Amino acid sequence: MKESFLVAFGTDDGETLRDKGHFGDSQKFGIYKIGKDSVSFVGWRENAKVEEDETQIHGDPRKANAVKAVLKEVDAVASVEFGPNIKRLLPVKACMIMDPGTLEHAARVVQSNLDRLVLEIEKGEQRKVLDLRDLSKEGSGPLRIAIASGKGGTGKTTVATCLAQVAEGLGHSVTYLDCDVEEPNGHLFLKPEITERMPVGLPVPKVDQDTCICCGECTEICQYSAIVCVKDKILTFPDLCHSCGGCVRVCPVDAIEEVPRTVGTLEQGKAGGIDFIHGRLNIGEVMAPPLIKAVRERAKNNGNVNMQIIDAPPGTSCPVITAIGDADLVVLVTEPTPFGLNDLDLAIDMVRELGLKHVVVVNRHEDDNNSAREFCNQKGVEIIAEIPDDRRIAEAYSRGETMVSSLEEYKGILEDMYETIRHKVKGKATEAQRDKVKKQV
Numbered sequence: 001m002k003e004s005f006l007v008a009f010g011t012d013d014g015e016t017l018r019d020k021g022h023f024g025d026s027q028k029f030g031i032y033k034i035g036k037d038s039v040s041f042v043g044w045r046e047n048a049k050v051e052e053d054e055t056q057i058h059g060d061p062r063k064a065n066a067v068k069a070v071l072k073e074v075d076a077v078a079s080v081e082f083g084p085n086i087k088r089l090l091p092v093k094a095c096m097i098m099d100p101g102t103l104e105h106a107a108r109v110v111q112s113n114l115d116r117l118v119l120e121i122e123k124g125e126q127r128k129v130l131d132l133r134d135l136s137k138e139g140s141g142p143l144r145i146a147i148a149s150g151k152g153g154t155g156k157t158t159v160a161t162c163l164a165q166v167a168e169g170l171g172h173s174v175t176y177l178d179c180d181v182e183e184p185n186g187h188l189f190l191k192p193e194i195t196e197r198m199p200v201g202l203p204v205p206k207v208d209q210d211t212c213i214c215c216g217e218c219t220e221i222c223q224y225s226a227i228v229c230v231k232d233k234i235l236t237f238p239d240l241c242h243s244c245g246g247c248v249r250v251c252p253v254d255a256i257e258e259v260p261r262t263v264g265t266l267e268q269g270k271a272g273g274i275d276f277i278h279g280r281l282n283i284g285e286v287m288a289p290p291l292i293k294a295v296r297e298r299a300k301n302n303g304n305v306n307m308q309i310i311d312a313p314p315g316t317s318c319p320v321i322t323a324i325g326d327a328d329l330v331v332l333v334t335e336p337t338p339f340g341l342n343d344l345d346l347a348i349d350m351v352r353e354l355g356l357k358h359v360v361v362v363n364r365h366e367d368d369n370n371s372a373r374e375f376c377n378q379k380g381v382e383i384i385a386e387i388p389d390d391r392r393i394a395e396a397y398s399r400g401e402t403m404v405s406s407l408e409e410y411k412g413i414l415e416d417m418y419e420t421i422r423h424k425v426k427g428k429a430t431e432a433q434r435d436k437v438k439k440q441v
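For the sequence shown, this note's numbering begins at 1 and goes up steadily by one.
Derived by calculation from the structure, the hints in this document are not laboratory data. If you're wondering where the values come from, they're calculated on a predicted model, not measured in any experiment. Note that the Cβ used here is the ideal one computed from N, Cα and C, for glycine as well. Mixed in with the good hints there might be a few duds.
[Unchecked claim] For each label pair, taking beta carbons as the anchor points, the in silico distance ranges come out as:
hint : residue 1 : residue 2 : range
1    : G153      : E122      : 32 to 42 Å
2    : T102      : L235      : 58 to 68 Å
3    : H242      : R197      : 37 to 47 Å
4    : P91       : Q27       : 44 to 54 Å
5    : D367      : E408      : 15 to 25 Å
6    : N282      : D367      : 40 to 50 Å
7    : K379      : G14       : 46 to 56 Å
8    : G355      : H423      : 12 to 22 Å
9    : R62       : K123      : 21 to 31 Å
[What the hints assert, rightly or not] Only pairs whose alpha carbons sit at most 25 Å apart, straight line, appear in this in silico DMTMM-like list of lysine to aspartate or glutamate:
hint : residue 1 : residue 2
10   : K151      : E395
11   : K300      : E104
12   : K270      : E419
13   : K49       : D75
Sequences are here, hints too, so could you generate the full structure?
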């Protein structure tokens, strides 16, 4: 495989991507040599002057041929917008669509997504446009989509893993975060190759009994009874400690120090083109939030991605809050049963208290059961998809397969659901898009 690639960026002013008009109409092209460890400017190529035939409905082939000739040695091209001639460019050049910005920043974004570019180049005539929008906005971060539920067993992981696969299939870089650290199971369906493992711990108090004067200040400040004074001795209960450090601060004789206690393991790898991160809480451990925080923090250092899919723990307790607290959108997965709707009610109250945007996906929907629709209508919550109670989905699940990988008829439907979610975050979802998803699923 080549170590570096030549990429052409369309520009008019020599500093920023052309943001009005098609790539082929750019005044000139900035050529960058982009490798995994380096980005360097090669030079300029002036665009060819071609008088277009306006009667050509699908773009003038003479214009496309002229651009291909100017950029003969280039491996890929990038632009804010392409015209009809992109169909003539794709068989010979990988094409990337980006948000407006400087050429230097655009080149760095391409470098961050070099693995994806290589995969697209290798597809030859089967190439599709590589979508680097969202992440190519300077200063922007990934869209954070949390998949949650009021109770376990509603299909939360089914939806989360399918969305991750759909995002990858559409050319978006995606990180799947399994924050259900007490019982993570996303790996059973995405089947990642784990490349890194690291212990995750939290600080707990250790008391020097010879220095301690048993004044009781540490006991007084601890709200969780993790450190108590019994006669002339201080006892600690690490399992109860929330690592606030208060006991260390108030000790008048510095008899308390913090020592690490391992609560679980963080694992990271790749599932095809999906970046995969999950946590595994140690057996018998109850402190899930620190491990969830470590998973979320690890994702922040995971480079430029379009989307984070956060598979949250079930319920409405502290681990869930830790997982979804900064989400751009929370997708609440429910089922049309009394238990399912009761716990959905609790989950809706939770996300509203947190001020988070939220929508609902109904799993195991039956045509003659409108209970979920009626409930969501009363609560003023939008249902963006209804997944039917299809035995084949359950059978695929039992084999460790997703709807995307095993049921072809659901793939397009799930893609529509993904785009609805994506545009919902941006505030661009249309009624037509949402109706299309609800009717098809």
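**Prompt:** Which of the numbered hints above does this structure break?
**Reply:** 3, 4
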